[in-house]
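Following this note's numbering, the numbering of the sequence shown begins with 44 at its first residue and continues without gaps.
The set of hints was computed from the structure by calculation and includes no laboratory data.
Treat the hints loosely; a few may be bogus.
Unchecked claim - Per label pair, the in silico range of CB-to-CB distance:
(1) Gly-112 with Leu-184: 37 to 43 Å
(2) Lys-216 with Leu-78: 34 to 40 Å
(3) Ala-119 with Ile-233: 42 to 48 Å
(4) Leu-197 with Phe-62: 27 to 33 Å
(5) Glu-73 with Glu-106: 20 to 26 Å
(6) Leu-59 with Phe-230: 33 to 39 Å
(7) Arg-63 with Gly-112: 15 to 21 Å
(8) Arg-155 with Asp-266: 47 to 53 Å
(9) Leu-91 with Phe-132: 16 to 22 Å
(10) Gly-227 with Asp-50: 30 to 36 Å
(11) His-170 with Asp-50: 34 to 40 Å
Every residue gets a Cβ at the ideal spot worked out from N, C-alpha and C, and that includes glycine.
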Amino acid sequence: GTKHFVDNFAVSGMVLVAFRLTDPRTGANELAAILVDTHAAGISATQLRPMAKDGEYTVSFDEVRVPAGQLLGGGASAVHDLMNYAAVFTVSQMQGAARQAMLLAVDHVNNREAFGQPIGAFQAIQHMAADMMNAVDGSQLLAREAIWRLGNGLPADAEISQAKSFANEQCLKVCRSAQQMFGGMGFITICDINLWFRRVASWSLRCGTTYEHRERLAAILLDQAGTVRLDHVPSALAVVAA
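Using the sequences and the hints given, assemble the complete structure.
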């Protein structure tokens, strides 16, 4: 099989691989996770050139033999947990990058002058800066809540999807605003703002898009006991809606 967009494969000694495991006796097919040595026979990797310009690879597995002891227990549950941890760690990266972009932009507007004053004195710039801080702090707080719940063994699917769907949009918006504050310089490759924009744009597509996490969040909310289901609208409400 083949895995796409594998981070930092060239400098990794082991990779954690999700795959489908078939029981030869029953024919049952389920998700599982296994640790694989990156130097094992049958593994090949091709470096990609993504927008983020980070170390991503396409990794192919051809009759790779792995000791049974490297198979993680838990089956599909282990894969589910793996994706949850990956998603919340990605949010942490995104908000860190967005915060750095915000700090660089604020420093720039406090020193760049136009019409005899720093451009940070203009109200439009101040509004952008305020929105950037709200987005960055909101992403960080949502990520911290999700991490806290994971660390304490509590259900965290909803909190993780909140954090990822929010950060996907808001952290990218912060980086775009930072580019706008920098003007044309924010779009050239020698400017760090350009780097953070590329990274955040790429990370927003990893471990679940905004729409995927909103879909999961909606399913969690609608499946809670004691709440109003959209497919069970009371007749009085149905008449009003009609």
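Now for the hints, and whether the structure bears them out:
{"no.": "1", "hint": "Gly-112 with Leu-184: 37 to 43 Å", "verdict": "40 Å, holds"}
{"no.": "2", "hint": "Lys-216 with Leu-78: 34 to 40 Å", "verdict": "37 Å, holds"}
{"no.": "3", "hint": "Ala-119 with Ile-233: 42 to 48 Å", "verdict": "46 Å, holds"}
{"no.": "4", "hint": "Leu-197 with Phe-62: 27 to 33 Å", "verdict": "28 Å, holds"}
{"no.": "5", "hint": "Glu-73 with Glu-106: 20 to 26 Å", "verdict": "21 Å, holds"}
{"no.": "6", "hint": "Leu-59 with Phe-230: 33 to 39 Å", "verdict": "36 Å, holds"}
{"no.": "7", "hint": "Arg-63 with Gly-112: 15 to 21 Å", "verdict": "20 Å, holds"}
{"no.": "8", "hint": "Arg-155 with Asp-266: 47 to 53 Å", "verdict": "51 Å, holds"}
{"no.": "9", "hint": "Leu-91 with Phe-132: 16 to 22 Å", "verdict": "21 Å, holds"}
{"no.": "10", "hint": "Gly-227 with Asp-50: 30 to 36 Å", "verdict": "31 Å, holds"}
{"no.": "11", "hint": "His-170 with Asp-50: 34 to 40 Å", "verdict": "36 Å, holds"}
Violated hints: none; the structure is consistent with every hint.
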